[in-house]
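S.K.: Each chain, letter by letter, is given below.
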Amino acid sequence: MYTSRKYAGVIAGVLAAGLALTACSGDDGSSSTESPTGTTSDSMDGATEVEVFTWWTSGGEKAGLDGLVSVLAEKYPDVEFINGAVAGGAGSAAKDLLQSRLQANDPPDTFQAHAGAELDDYIAAGQVEDISDLYTEFGLTDAFPADLLDLLTVDGAIYSVPANIHRANVVWANPTVLDAAGLDPAATYASMDDWFAALDAVEASGQTALSVATTWTQVHLLETVLISDLGADAYVGLWDGTTDWTGSDVTGALEDFETLMGYTNTDRDGLDWPDALQMVVDGTAGFNVMGDWAAGELDAQSLTEGTDYVYFPVPGTAGVFDFLADSFTMPVGAPHPEGAKAWLDVVGSLEGQTDFNVAKGSIPARTDADESLFTAYQQSAIADFASDTIVPSLMHGAAAPIAQLNAISDATSKFTTGGSDLATFQTELAAAAG
Amino acid sequence: MLRDIRRWGPPVLLISPSLVLVGVFVYGLIAVNTYTSMTDMHTAAQTTGRAPVQFVGLANYWELLGSDSFQHSLKNLGLYTVVFLGGALLFGFMWAWLLDRPVRYEGVFRSIYLFPMAVSFIASGVVWRWLLNANTGDNATGLNRLFQMVGLSFLQNGWWNNVNVGITAIAIPAIWQLSGYIMALFLAGFRGIPEELREAARVDGASEFQLYRMVVFPQLTPILLSAVIVIGHMSLKVFDLIMSISKPANYQTKVPAIDMFLFKSQYDYANSAAVGAILLVIVAVLIVPYLVHVAREGRR
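Just so you know, the protein sequences line up as chains R and Z, in that order.
Every letter in the first sequence is one number past the one before it in the UniProt record's numbering, and letter 360, counting from 1, is 360.
Every letter in the second sequence is one number past the one before it in the UniProt record's numbering, and letter 142, counting from 1, is 142.
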């Protein structure tokens, strides 16, 4: 009697443990079986859903996403939108989660990625579909500029639909600070050397001359200096191997970069881009180099162009449009391919691009958008995008794969914190190019 | 035979679920990790099996250990551990010693010292990022501003932004958070020493200093050892505090755990696994002798 009771306890314990185990595996099972069966629910009577994975969770980005959703509701009333947005770390938290979901064969129906070389990893890993056919079907081939299509095409195939275009090589400045330093706020600068004189003047007036934030914004700055000093062709050559990273012209650009970093705030590594931009808004810094998502931030603070802020292309890069684009993909094994197709149609459509970009502050990738709907900055960017030489951005995934970008970021951070000298920096950059 | 099964069966049956779980999810995964670290899985295509993966032995380890940036991470980890360990032990011990004497409101002080431990590293890191702002002079905020206000301007510095010793600034919040815990450990140690021993020493004419030096401290050695192990292994795993004060890409505050994270995010699973294995070995060097020591004590 005593022993059987003892055993009863043991058996109960084992059973409980077993139950707990099956409960765990049951969870796993349901999520992994969902993907293959999910497709069958598609196209039954046209009703389906689309899970859209982005890192747009607040501000203009969220408003832009909402714009796309409303167009989706009009064009495809049967497609239910599921927001798979993940907040945090300017997209790095989302990219991390996306990586594990793709690895586990549990992809969203479509995900956001920077157009260009950043997609290389997904393509090489066989995680995104070739959607060239959709370009024909939706008539996108003629809607986007040829330069852009060239940059999107990998081995004759296209893997994503761009939703917008951003420009990276823009300087934002505070006219009050420039006035106080005895500079003409309307002036633009033809070269880095001209700009250094202006930076000296701001520094002499007691303010930070150039505000910058943590590593990625320093890489962003480096990229614009490279464009300025090397010119558009040689800069593009850095990414296809025709420009030598060890050359003396690159050395010259790195020297200019070093000089620029000498004008910056000491607490830069603890800040992110809005903090650095805010220094210009608050009048504690003269200039800031940032992509034109800064325009959205400035608009959100109800600031007026001309009196509260001015902007111009990074000195020496007038006529060059350092581009990056957010784009949407069709993952291999997406549970609702019909939903994803509907989403991509909306993203590429004129209505979708207009609604999205008016809210987000970027410009449409399509060339046929109605300019009058956009702000003054956006209109100038649209005009420049149509006439300028378009080059891909390094920091924002258009020019180089993630591994090379990380290696360049490492080398840059090492250099700007004093961990290496210029020669070592250049060697490491060359090594990053492989 | 049957009796043996009756005797051993139930306990073995009872612990088998946890044995299986630990076997698979701890030791099994350590084995998989070690294997991955010995392959050339450096690209996205290889992680999904679209490109061949070769076994390369210890090549990744040699390359990592030979690279400047990983040596910098290891050096940072060493510096951080020394400062964190030293600081937490020093403050923890000091507070415990002070509270060991009969103090009024001892409970209040104990709680105050222990409170920081209740805050997560991420949350306190956000505040410390502001306190440890690198600006000096007119733009100073945080601790640098405080130094100016109390007339200690010469103490202003860039905190964690120094490429050589910046990592020690990250140890400051860690010390702040864990000293209270060390204090609690030592206080328990002090209280565990029978009052009779102290009385006997006093009767023998020992001064208060001699009393601590000859009677109390020697009995605290086991506590000291546990404290070193607890702080040491926490320090070697440091990641969250750096992520919230600095940024993963900042060279000056890199440690192996950050490298592991960055390698993983660029699909370099082999190097990521190799860094993980190196961290495991470093922690094992600290923990295993302790476990052996404890096991020996238990047998005695």
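Because the hints were derived from the structure by calculation, they are not lab data.
For every residue, glycine included, the Cβ atom is placed at its ideal position computed from N, Cα and C.
Be aware that a few hints might be false.
Label pairs and their calculated CB-CB ranges [stated by the list, open to error]: (1) G107/Z / T57/R: 41 to 49 Å; (2) D368/R / P116/Z: 29 to 37 Å; (3) D282/R / G151/Z: 47 to 55 Å.
Facing chain R, a subset of chain Z residues (Cβ under 7 Å, in silico) [said to hold, decoys possible]: (4) T48; (5) R50; (6) Q54; (7) Q71; (8) G86; (9) L89; (10) F91; (11) N135; (12) N161; (13) N250; (14) Y251; (15) R299.
S.K.: Hint by hint, note whether the structure agrees.
M.R.: Comparing the hints with the structure gives:
1. Range check, G107/Z to T57/R: Cβ separation about 44 Å, and the 41 to 49 Å hint holds.
2. Our hint of 29 to 37 Å for D368/R and P116/Z is violated, since their Cβ atoms are close to 60 Å apart.
3. D282/R and G151/Z have their C-beta atoms about 28 Å apart, which leaves the hinted 47 to 55 Å range violated.
4. At a threshold of 7 Å, the smallest CB-CB gap from T48/Z to chain R is about 4 Å, leaving the interface hint in force.
5. A cut of 7 Å between beta carbons decides the hint on R50/Z: the least distance to chain R is about 5 Å, and the hint holds.
6. The beta carbon of Q54/Z is not positioned within 7 Å of any beta carbon in chain R (closest approach about 17 Å), and the interface hint is therefore violated.
7. Because the beta carbon of Q71/Z sits about 11 Å from the nearest beta carbon in chain R, more than 7 Å, this interface hint is broken.
8. Because the smallest distance between the Cβ of G86/Z and any Cβ of chain R comes to about 25 Å, over 7 Å, the interface hint for this residue is violated.
9. Violation of the interface hint for L89/Z is found here, the shortest Cβ-Cβ separation to chain R being roughly 29 Å, above the 7 Å cut-off.
10. Using the Cβ-Cβ criterion of 7 Å, the hint placing F91/Z at the interface with chain R is not satisfied: the shortest such distance is roughly 25 Å.
11. At about 4 Å, the closest approach between the beta carbon of N135/Z and any beta carbon in chain R falls short of 7 Å, and the interface hint on this residue holds.
12. Restraint check, N161/Z versus chain R: the minimum CB separation of about 6 Å is within 7 Å; hint holds.
13. For the restraint placing N250/Z at the interface with chain R, the shortest Cβ-Cβ distance is roughly 5 Å, inside the 7 Å limit, so the hint holds.
14. Contact between Y251/Z and chain R, as hinted, is supported at the beta carbon level, the nearest pair being about 4 Å apart and thus within 7 Å.
15. For R299/Z, the shortest C-beta to C-beta distance to chain R is roughly 29 Å, which exceeds 7 Å, and the interface hint is violated.
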